[in-house]
Structures are given as C-alpha cells and as structure tokens.
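Asker: Counting in our numbering, the sequence shown runs without a single skipped number right up to 1461 at its last residue.
No wet-lab data here; the hints were simulated from the structure.
All C-beta atoms, glycine included, are put in the ideal place defined by N, C-alpha and C.
Careful, some of the hints might be misleading.
To be verified - Quick list of the computed label-pair ranges, beta carbon to beta carbon:
#, residue 1, residue 2, range
1, T1442, T1179, 56 to 64 Å
2, N1385, Q1192, 45 to 53 Å
3, T1442, T1211, 33 to 41 Å
4, G1440, T1179, 26 to 34 Å
5, N1269, G1377, 20 to 28 Å
6, L1412, A1195, 29 to 37 Å
7, T1273, T1409, 23 to 31 Å
8, I1438, A1190, 47 to 55 Å
9, N1363, T1273, 49 to 57 Å
10, A1195, T1305, 23 to 31 Å
11, A1449, N1185, 52 to 60 Å
12, T1198, P1252, 23 to 31 Å
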Amino acid sequence: MCSSDLGGTLDFRANTSIVANQGGAPLTINNTGTILRTTGTGTQTLDAVFNNQSGGQVTVSSGALNLIRGGTNAGQFTATSPGVLEFGGGTHTLNAGANMTGTGTVLVDGGVLDANASTSVANLALAPGGTIGGTGTLTLTGNSSWTGGGMSNTGTTAVAAGGTLNVSGVNGVTLNARTLSNAGLTIWTNSANANTGNGDVINNVAGGTLDFRANTSIVANQGGTPLTINNTGTILRTTGTLTQTLDAVFNNRSGGQVTVSSGALNLIRGGTNAGQFTATDRKSTRLNSSH
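Generate the whole structure from the sequences, applying the supplied hints.
Answerer: Written as structure tokens, this is what we have:
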C-alpha cells in the first residue's frame, strides 16, 4: 500500500509504469494529500487501485496519468492543459465530493467512470473501450467528445449551457438505459450507427441545440424499451446529403423546433408532437410511423 497523507506531495514525473507483477493483491494508492504529474510528455501508468479520498488533490499538468485498476474517489481531480487524466482500465467510482476541473482532458478509453453523485468535468473524451456510468449526474461544461464506447446505467450525462459534445469518429457509440440531457450544443457526425435501448432517453432541453449531421442510423438494438427523444429546444439537420434515421420515439414538445435544411431526417417510431417542424429548400422530414 502507498499513501499520500494530508500535507504530503507525490509527484509522478516518469514516462513508465508501476506494474502489479509480484502476485497477490495489487498495490493500493490512497491519497488524502497531493498527487502531481508536473513533467513528462508521455504516459505514467499506475497499475494500482487508486483511491483519491476526501481532501485529496490529483493534478496532471504534463503528459498523461493513466489509472488502470479502478478505485473509489471523493477528492478533487484537475487536468491542466496539456495534461491528460486517463481512466484506462478498471471501474472508478466518483462519490459525493469528487469533482473534475481544469483546461486539460479527462480521457475514458478502457475503464469505467461511474458517477454516483452529481459531479462535473470540463473536457471529457469518451473513446472506444470506455464507459460512463453510475446513478448520478455527470455534467459536461466545456468541449467534450464521444468517439466510441458507451454511456450506461440509470444516471444522466448532461451537456451544460455553453458546453459542447461532439459525437464523431468511425466507431459506433452506445447509449444504454442512460439519459443524455443537452442544454448546450451536441453535434452528431459519427459515421457508424449508434446503439440504444433499455429505456434510454435523449432530452434536448430549451436553449439546447442538437445537430444531426451524419448519414447513419440511431438503432434500437440493446433490448428493452427503445430510445425516447424529447425536444423542447432546437434539433437541426444542417449537413449530410443522405438520410439520418432515428429509431426512437420522437416527441417534439411545445416550444421545440425541428429544422431540416440538408438531406433527410427519418423518424420511424412515432411520437407526440406540439412543436414546430420546418423543412427548407425541398429537404424532407420523413414520418414512417404514427406521429
């Protein structure tokens, strides 16, 4: 066991790995002090259970600090650009008191980041192999990306007003049982189909803009109740010459605006609507179910 106690500072400056290779229970790192990564342009990997406990501070300001064995956290994480805090393996639980700040990147690319309390992160990068889960609300306040992996469990991922989420890349993304709430700007350009199911919800709230720019499908293939999209903000299709298909119950509610100015937006699972639909320049909104 390794502990950085209150008042202590542990600075990882190498581009190496601490490896669990001696058998038995792996290393545990408990932090109630300060853990830093101040130099090193590569990656320091910690193959250890990592518990950033109440009062603990982890700050990455250079290179990447990769946590690959999970842990339980109630302390502060800060990634300062160009620093990267990477959750590359294991299940990392964020409980009450845990928070993530800074201008750097929080990368989830092989581990599970479970937010079981309300917490926020400025610049999240959810990549293939990574999962956002938990029962609480994880709020994205800066410029975030979703290029693979999934969002699951019964909690909420919320794009704050002024925040941006880019759903992009060539790998499919999965939304399973979770709520994605958008009060900022979400741009959907991912070139692979998205996977949904088990009662998941996308809420595009007043003030939020959701722009479907891809020529792909959001598919109900995860079982259970299919995806529901509720719109009281603005849903757009501004680029894409073919069709974006939404295999979801689509409710354009009072105050909601749906505008298709390029290609086609195909709604195939019905819904209840009291909002505005606009198709410009001979573009189309296709209604292939009961709406």
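Asker: Please go over all the hints and tell whether each is borne out by the structure.
Answerer: Tested hints:
1. In this structure the supplied range 56 to 64 Å holds for T1442 paired with T1179, their Cβ-Cβ distance being about 57 Å.
2. Our hint of 45 to 53 Å for N1385 and Q1192 holds, since their Cβ atoms are close to 52 Å apart.
3. Restraint check, T1442 to T1211: a C-beta distance of roughly 53 Å breaks the suggested window 33 to 41 Å.
4. Distance hint for G1440 and T1179: a CB-CB separation of about 58 Å, inconsistent with the stated range 26 to 34 Å.
5. Range check, N1269 to G1377: about 24 Å between beta-carbon atoms, so the 20 to 28 Å window is met.
6. In this structure the hint that L1412 and A1195 lie 29 to 37 Å apart at CB is violated, the actual value being about 54 Å.
7. Between T1273 and T1409 the CB atoms are about 29 Å apart, so this pair conforms to the stated range of 23 to 31 Å.
8. Evaluation of the 47 to 55 Å hint for I1438 and A1190 yields a pass: the beta carbon distance comes to about 49 Å.
9. As the Cβ distance of N1363 to T1273 is approximately 33 Å, the hint placing it in 49 to 57 Å is violated.
10. In this structure the hint that A1195 and T1305 lie 23 to 31 Å apart at CB holds, the actual value being about 28 Å.
11. At roughly 54 Å, the beta-carbon separation of A1449 and N1185 lies within the given 52 to 60 Å, and the hint holds.
12. Judged by the Cβ atoms, the range 23 to 31 Å given for T1198 and P1252 holds: they are separated by roughly 29 Å.
In this structure, the earlier hints numbered 3, 4, 6 and 9 are contradicted, and the remaining ones agree with it.
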